[in-house]
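J.: Going line by line, the protein sequences match chains A and B. If you're matching positions, the first sequence starts at 1 in the working numbering and goes up one per residue. If you're matching positions, the second sequence starts at 1001 in the working numbering and goes up one per residue.
By construction, these hints were calculated from the structure, which means they are not laboratory data. Honestly, I wouldn't trust all of these hints.
Claimed, not checked - List time: in silico DSS-like cross-link candidates among lysine-lysine, alpha-carbon distance up to 30 Å:
| # | chain 1 | residue 1 | chain 2 | residue 2 |
| --- | --- | --- | --- | --- |
| 1 | A | Lys125 | B | Lys1099 |
| 2 | A | Lys143 | A | Lys218 |
| 3 | B | Lys1099 | B | Lys1058 |
| 4 | B | Lys1019 | A | Lys67 |
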Amino acid sequence: MAKTDYDLVIIGAGPAGLTAGIYAARARMNVLLLEKAVPGGQILVTDWIENYPGFPEGISGFDLAEKMKTQAEELGLRIETLEVHSLNLSEELKEIVLKDKSITTKSLIIASGASPRTLGIGEDKFIGKGVSFCATCDAPFFKEKTLVAIGGGDTAVQEAIYLTKFAQKVYLVHRRDELRAAKILQERAFANDKIELVWDSIPTGIEGFFGVESVKIKNVKTNEEKTLKADGCFIWVGILPNTSFLNDAVETDEFGFIRSGANMQTSVPGVYAVGDVRNTPLRQIVTAVGDAAIAAVSAEHFIENA
Amino acid sequence: MTQNIIEIDDDSFEDKVLKSNKPVMVDFWAPWCGPCKAIAPTVDALEKEYGDKMTFVKVNVDENPIAPSKFGVQAIPTLIFFKNGEIADQITGMVAKEKLEETIQGIV
């Protein structure tokens, strides 16, 4: 095998990337983890996590991220704040192109995660001015205000409930007539006096002068349009994979998520994809860390057998 | 947590930020905001690198409601870059360190 800077490079320091780092560090691999912003990933914006085993009272996303990062670093994992610009991949050698240099590695784990999907209804100009994707960051700015939350999955329902700690009213707007969220979250939402479900409806526009003043919605069954007066709009309508650096270096599915198999290997031998960026039926912290453990061990085997 | 960044308040905002001769980056944060705590080491690193050309300060929005509301801050972390007393740029949320560096280089 060609001489390289590293045995393994991991892209992304969310739960998946940090777990891969923990396994690789314990295997004494020559490993580097690259993170473009800050370690933690999407759990940093999750107010409370209660489906990750070992924390019977639940744990804040920030605290869990800190614990994972500390654990990885104490085992000797090196984390660098660098953004990956592109990849040149072959079975023998993987080149990772950064801003000012390139590094080479024998194996690569892509754990770049995903970002919240936007609506494309002109919400961009209101980001930071009433439009938000992070309840734990921004909910306290809306004490006694009225908010619109959009979505019907776990994130939308969990975070809408969190919003009611501050807001006096939260419209939860969902395009279907039932929620996808876990039943326990649905029960809490239905029991919450401050949450008003708006079924079968999609947002069509956001209006306001300096900040958000109202959200326009349309009922998809009756086509009836309505304006909800609101001071803020929180959007949780799914995610898009973070793959801008990928440029078809590995195969993706029709939604852009990276295809990886049972041992997490992608279309390129020695390149693995784990966590939210992977085409997987479930995107949770527990599945991400499971993926990562498998990938790290697969990478170790790949190098040994090459 | 941020170690070297000066904490300022509503009372000192005008003196420390608007009347500063150097460009100033203001990090609006709060103790309950996980992402704010998460970006603190990045802001620290930027201060080390660009501290001679730009002043770095932070404002706790819980204790200081006036400055954030004056500049329409409704989300944190928000970083506002001031030059000659006016807003030169504004970044909300967790962004790549490279993006922050580009922004700073464009201002100083």
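J.: Regarding the pair Lys1019 of chain B and Lys67 of chain A, is the alpha-carbon distance no greater than 30 Å?
T.: 41 Å, violated
J.: Starting from Lys143 of chain A, check that the Cα of Lys218 of chain A is at most 30 Å away, please.
T.: 27 Å, holds
J.: Given the hinted pair Lys125 of chain A and Lys1099 of chain B, is their Cα-Cα distance within 30 Å?
T.: 19 Å, holds
J.: Next pair to validate is Lys1099 of chain B with Lys1058 of chain B; report whether the Cα-Cα distance is within 30 Å.
T.: Roughly 19 Å between the alpha carbons, so the hint for Lys1099 of chain B and Lys1058 of chain B holds.
Hint compliance for this structure: hint 4 is the single one not met.
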